[in-house]
Structures are given as C-alpha cells and as structure tokens.
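Number of protein chains: 2
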Amino acid sequence: MLIVFLGTAGSGKTTLTGEFGKHLEDEGHTVSYVNLDTGVRSLPYKPDLDVRNTITVDDVMKEGYGPNGAIVESYDRLLERLEYYSSSISKLEKESDYVLIDTPGQMETFLFHEFAWRLMERFDAPLVVYLFDPGILQRIYDFCFVRFFGLLIELRLASTTIPVLNKIDVVDSIERYRRYLEDMNYLTSRLKFDPSMQGYLAYRLCSALLEAISPVRVLYISAKEHVGFEDLETIAHEHYCTCGDLT
Amino acid sequence: MLIVFLGTAGSGKTTLTGEFGKHLEDEGHTVSYVNLDTGVRSLPYKPDLDVRNTITVDDVMKEGYGPNGAIVESYDRLLERLEYYSSSISKLEKESDYVLIDTPGQMETFLFHEFAWRLMERFDAPLVVYLFDPGILQRIYDFCFVRFFGLLIELRLASTTIPVLNKIDVVDSIERYRRYLEDMNYLTSRLKFDPSMQGYLAYRLCSALLEAISPVRVLYISAKEHVGFEDLETIAHEHYCTCGDLT
Chain A
1 MLIVFLGTAG SGKTTLTGEF GKHLEDEGHT VSYVNLDTGV RSLPYKPDLD
51 VRNTITVDDV MKEGYGPNGA IVESYDRLLE RLEYYSSSIS KLEKESDYVL
101 IDTPGQMETF LFHEFAWRLM ERFDAPLVVY LFDPGILQRI YDFCFVRFFG
151 LLIELRLAST TIPVLNKIDV VDSIERYRRY LEDMNYLTSR LKFDPSMQGY
201 LAYRLCSALL EAISPVRVLY ISAKEHVGFE DLETIAHEHY CTCGDLT
Chain B
1 MLIVFLGTAG SGKTTLTGEF GKHLEDEGHT VSYVNLDTGV RSLPYKPDLD
51 VRNTITVDDV MKEGYGPNGA IVESYDRLLE RLEYYSSSIS KLEKESDYVL
101 IDTPGQMETF LFHEFAWRLM ERFDAPLVVY LFDPGILQRI YDFCFVRFFG
151 LLIELRLAST TIPVLNKIDV VDSIERYRRY LEDMNYLTSR LKFDPSMQGY
201 LAYRLCSALL EAISPVRVLY ISAKEHVGFE DLETIAHEHY CTCGDLT
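Protein chains in written order, with our numbering: chain A, 1 to 247; chain B, 1 to 247.
No lab work stands behind these hints: they were computed from the structure.
Every value quoted in this text rests on a predicted model; they were computed, and no experiment measured them.
One or more of the hints may lead you astray.
For chains that are exact copies, the list does not tell them apart, and a pair is met inside one copy or across any two.
Below, simulated DSS-like cross-link-like pairs (lysine-lysine); rule was C-alpha separation at most 30 Å, straight line [to be verified]:
id : residue 1 : residue 2
1  : K62       : K46
2  : K224      : K192
3  : K62       : K224
4  : K22       : K94
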C-alpha cells in the first residue's frame, strides 16, 4: 500500500510519516519510508529512499540560487531521475506492507511541478493524505477552501485524496470542525445568508460541490498523540480493497 | 489602484511586477512597488516597501532553520508587523496611481499563511493577478485545475482574481490555450467522454463551475516582451470602476 502525505509547510507531514510508520511497525507490519523533500534537514524516520541522495536545496543554494529558486531547481533535476525514483518506489511496494511517502515541504512543489504528477501516474492506486491544521480554519470560508483544495489535489494527481485535520491535540473539541467539514448541507446553509462577496462565492462553490461531488470522509488526527491512526489504517485498507470509493 | 501578483515559484511574478511597472511609468503614471517575498535575493525594480527590511529567509536559515521552515517562520514574524505593512501600503496607494505588490516566491505562503489574508482584508478592492505558465497545462485536466485554482485564490483572499497565462512568448500559438481556458462549454464537452477517474472528476468539477460561476476573462501576457500589458491595464481600470464585475 502506497500512502502519500501532502500538505503545506508546517502541516505535519514528516512527523505523521514517522509516527504513523512506528504505529504500523508496532503492529507487526513492514513499512518502507520515502522522502521526497529536497529541503528537509533531519527526519524522524530512516528513509529507504531519499531524494537528498540526488540533490538538496542547500546544495543548490550553494550554487548561488535563492531559497525559492533552489526549491524549483532541485525538482527540475529530480525530473531527470524520474525513472529511478518510480521504479525504486514500486520495488519497495512489492517488498513491504506499507510504503509511506513524505512529500516536499512546500505543497505547491508537489502540486505544480511535473516531477510529482509524472511520478504519481506510474503507481496503481496511491492514496493521498491531504493534511491541514486548525490554524487555517479561522473563518467559515476556510472550510469551503480546504474541501475544494482536496478536490484539486485529487484532480491534479489523479489519486484518491483524504482530507485530514491534523494537530487536533491543539484544539479543545473537534465538534465544530467536524460539522463544517463533513456536513456540506450545514456549511452551505450557514453561507447562504453571508452578505459578503466572499460568502457569496463560498456559497456558490459549496452548493456546486454538494451537487457534483460524492461525500468524502474526513479524518481527525494527532500525529503527536497517535490519535486517529486506526481510522487512517482502515481507510487505507478500504481504498485498496474497493479501489477508490471512500464515501 | 492596488494590483497583487500571485503565482507559483517561477511563474514570473517578480519580472512582471518590474516590467509592468516600467510600462506604466513610461505612460506617465506614478507607480509604487511592494516586495512581500522574504526569500528573493535581487529585484528588477526598486521597492518602496520591502519585507526584507524586517526579515529574510536567509537570516532565518542562519539561525539553523531549513529552507521550508525558514520560509514559514519569516511570515510568522511578519505577522507581528501586520499593522505597519498594511498602513504603509495604504499610504502608498494614496500617493501613487498604481501600487504593484509582488508576493512570496512560494504561492502557498500567501494562500495559507494568516499574514496574507489578514493583510488583504485591510484593503478596499485589491485586484489579484494569478499567474501560471504554459508548462503546467500539459493535460486537459490541467485547464480545469488552474481555473479552479483561480477561484480558490479569490475565495481565500476575498479579492477579485484574474487568471493570467504568462510566458506566452514560449508557445507558438495561444489559440489552443485560449479555447480551453475561456470556453468552459468546450472544455466540459471534451472531458465528457474521458474514461479515466481523473477525466470524470474534471468533468464533474467543470460542469459545476459552468453552472455556479460567472465567466471570468483570462489574460495572455509575456512579461518579457510586454505583450498583453494594455489588457491588464484595461482590466485594472474596469475593476476599479465597476468594483469587481470583470465578465
């Protein structure tokens, strides 16, 4: 099983990769770890495959690039080794129960760079875990934003994508989050009478989403406290048994 | 008039800010330049306001952060100076015909970090120019992806957003791009018979978009060759006259 952890810088991809991997290993599964982040300095897991063996952001910066240019340049160079990385991951998939893939620190690298979708299209049915944290859900519109963002990831990477609220240990209760993230009817009805331009756009988008898209389960995880790991395991199993229908 | 240039690292924000500014100045307008990128090393324009006077990614990296962490950390620190930056920009807006705002190298910083939406909500009617380049439009799904991405930017930043295909000097003809980007009926009809899961998702999303969203004009620009600058100027004027209806 191939699970890809995706999210903005700071959303907790690397920590979750390490902690979820530990959890699986404790249960007796064999786990392989893949690091696709050219910018990370240290990892809480031992990668079986690591793009930093090809290139790091720090290396490229030493050539005179600024940090932003260096990030893009590092993936331009990885693209030349696409075949090596895709076949190495496929090999790991055969050898182990789980392959956990940790993606670039900046999510947009994985969403916009050709390296990412070309790599993903070589796998049969990778499951993408889209991580976001409570900090970005401050306004009602933001719930609409993250739900749509999940769909865009699914579209761009052609892979079933599970939205995951991470870092739930920092909030008192997940009930408010749960209601807005899972009950699109409720979210839409709350947006209906928002008089702002933003509220109107969110309402139109969410109404359209209600019609067009089948419901997707949302997971609530604390990587730090190992909360929600069983749910993630269950959903990964369902994904590999049913080939994508996670409603 | 406040124009905000947004796009992934490498999409040409900084070059366009500089070249469009030159064009406006040549026409006799007064132009102020704002740099919000803590990671940029050199600029082709002289900024009137520059976040690097507060903090740079390089500074934060010297404290031991990796490049990804340093980018996020630099905006955490800028958030403490939000008031200063928003009032400085408002002051520039009063003093000049145009204020051109160049955003962080990594687009996700501006989309996901609190600094960005809190800054944007303090302005009356900023116009966001969402830049993407022909390189990301390789598959039919990608056209659906960028159109939706534009909407998500609009939703998150509560600002009218114009999708702009930049770097048109690198393509032979923009006709194919124009058809897929502007004629949503055509795009949807082409997606209808795509048998892949990706095609089906793109079809559902684009069909919903057709119903829910009023058409938005797309611009075609070459920052390098000053192509499309009049269109951008026109749309900025229309935006400030009509308060947002750019159909």
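_To test your reading of the hints: which numbers does this structure violate?_
Of the numbered hints given earlier, the structure breaks just one, which is hint 2.
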